[in-house]
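Enquirer: These protein sequence lines map, in sequence, to chains A and B. First residue of the first sequence? That's 414 in the working numbering, and the numbers climb one at a time after it. First residue of the second sequence? That's 243 in the working numbering, and the numbers climb one at a time after it.
For the record, the hints were derived by calculation from the structure and aren't laboratory data.
Counterexamples of contact, computed for chain B against chain A with all Cβ distances above 12 Å: (1) Asp320; (2) Lys424; (3) Lys456; (4) Ser470.
The calculated SDA-like cross-link candidates involving lysine to any residue, where the alpha carbons are at most 25 Å apart (straight line), are: (5) A:Lys545 - A:Ala462; (6) A:Lys815 - B:Leu347; (7) B:Lys319 - A:Glu811; (8) B:Lys322 - A:Ile809; (9) A:Lys815 - B:Gly290; (10) A:Lys417 - B:Leu391; (11) B:Lys462 - B:Asp450; (12) A:Lys528 - A:Leu670; (13) B:Lys308 - B:Ser276; (14) A:Lys815 - B:Glu416; (15) A:Lys417 - B:Asn361; (16) A:Lys545 - A:Leu458; (17) B:Lys272 - A:Glu811; (18) A:Lys417 - B:Thr384; (19) A:Lys417 - B:Glu369; (20) A:Lys636 - A:Arg672; (21) A:Lys815 - B:Leu391; (22) A:Lys815 - B:Ser348; (23) B:Lys319 - A:Arg723; (24) B:Lys322 - A:Arg722; (25) B:Lys319 - A:Arg722; (26) A:Lys815 - B:Gly264; (27) B:Lys319 - A:Glu724; (28) A:Lys815 - B:Gln395; (29) B:Lys288 - A:Glu811; (30) B:Lys322 - A:Ser727; (31) A:Lys815 - B:Phe267; (32) A:Lys417 - B:Leu368; (33) B:Lys322 - A:Ile730; (34) A:Lys815 - B:Ile259; (35) A:Lys417 - B:Leu362; (36) A:Lys815 - B:Val268; (37) A:Lys815 - B:Gln339; (38) B:Lys272 - A:Asp808; (39) B:Lys308 - A:Arg806.
Heads up, the beta-carbon is just placed ideally off N, CA and C, and yes, glycines get one too.
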Amino acid sequence: MRFKLALRNITRHRLRSLLSISMIAGAVAAVILFQGFSSYSLRALKWIAAENQYGNMQIAAEKYWNPGKESRAERLFLLSDLDQLKTDVPQIEKLSGRLSFFGLVSNGDLSVGGKIIGVDPVGEPQFKKSMKFTEGTFFGDTGAKEVVVGRLLAKQMNVKPGDNITVLTNTIDGIMNAMDLTVAGLFSAGIDEIDGQVIYMPLSITQEILDTKNVDIAVLKFKELDMAEANLKNINDRLASTRPNLFARSWRDLAVLFRQVDKFYGVQNRVIEMILLALMFLGILNTVSMTVVERTGEIGTLRALGESRREIVSQFILESMLLSLIGITVGIIAAAGCISLVDRVKIMTEMPGASTPFQIKILFMMSSVIYASFLATVTTVFATAIPALRASRMDIVEALRKNI
Amino acid sequence: MEKASEAILRFQNIHKIHSSDGVDFVALEKINFSIHKGEFIGLSGKSGSGKTSLLNVAGLIDPPTKGDLFIKNINIKDLKDRELSLIRAQEIGFIFQSFNLLPLLSAAENVEYPLMLLNLPEAERLERAHQALKRVGLEGFTHRRPGQLSGGQRQRVAIARAIVKNPTLILADEPTANLDTKTSDEVFDLLMGLQQDLRVTVMLCSHDPDLIAKTHRQIKISDGHIISDSFAGGAV
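Pulled out of the complex, with its shape left as it was, chain A reads as follows:
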């Protein structure tokens, strides 16, 4: 009976109910969409940071993490020093080295400064897979004297795949060294800073140029990404007893941009949610207050018939919960529709400092659906409870003076 009455009451003023449903649906859809967009962006940044840029974890000398006036050699170590660690921690899937340096890159006519990073394409297959090429391909796995050049640097130097460049730098011992290399491809990392100054080459070639068998950092790939952070303390404890000059850092420690964006989205989403919920709260409060005024005579009659204050409040809350349920359902459907539309329309955007636009994508996450539904329900209940409590405390005789 109560449910029946609640249903009929919400259809009594269709336009008003529709307005309430729209407010709830709008807020639910907005929360789902904002969370879906930020989650997609964060997931992408996490993937770039943990699978490509930094690896799941990095191990380097203390002097590498906190550089001072020490010599370059003091920051390097032999990758084979970590063989035992790989055996002791079975969750580690791959362990490879990187070695980087700043040098002069010349095409014969023009010389520019660049950062050269030596990577092991066998040890970091994900790195190779994630590389986006505007021209050409990745260098060979076997240590061919090939490089891939950032597309903005390549444009500045006017080089293309097949062209030769010369890299000039000092060895670890300070002796000038140079090597001729062939451009295998031009890549785009999507970030101007990288595309304008970075060259990747095989690790073995980098070691040859710098005349060392050492590496700057060891990049660790775990069977599951979550295992990296779970094993961080364990690995640092083991390093402390075997190689006390080496320290491990997880991808999250290294990915400053990810942490900043994560924090920014967190604050932004909370602020947006608060604004939406405040609007929804005020809207529903206003609607229910109007309903209470209109139904004063009815409330008086129900109280005279023996309905308790609690039952009056419950009836209003039941009606709002029904509105909320419809609003949430509409909101979820609207959010799913928007996500599908955004996917089809392929909206492109550019991040600050990015060299290539990326497609906006929004994730449809069950956790967001539950979170938005919970927020909408709680807000609706609170916004209803205030006028409903006022209604329940009405003077019955005064209320009966108003006609139904």
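Here the structure of chain A is known, so what remains is to put chain B in place on it, guided by the hints.
Expert: Relative to chain A, chain B alone:
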């Protein structure tokens, strides 16, 4: 003046003062009387004499400002709002001048509503609502909403709603005021017939002296005081 049988409701030095814009208005003063089972009381008096105030106090919807009101020997001063609501739900039936039916519910649902407050099972509620509507001659109108009924039919539904829970006391505030003479007589006769059949206590207030004359006990109020309380033929 009072009957020897057990009092359903006992007014003991009841005062009711209404305050509006800082001005006090005495609606009831030194009211002392009892209502006994099976009585049909007619409450008369001019507008503003205190009839409705007395009915509201009796119906536990307006607490007295001073004095003691006993319902079945329980002083309502000691009761919380929840307990008063329960007594209203179980013991008191209201019939209002403007019918006060819930517009979104059908006649049968309006009659069923008070039974829902008593947490009765649905099947029993439906059966009793149907029987009550049959008693008031509306068995063919169960699915109609109040807006689809005439004034007389609406008041019959209101009477069915009042009697459906077998209350101890029915309070009727000008139940025929919004009806034409013929319908008014029909509704009053129906109420009187039900009162006799069900042995329910009824307190009715009206401006109509002819209706009041038909009741068993007539109480006249003036300026918040009971100025006469007499029994006519047919009194219990």
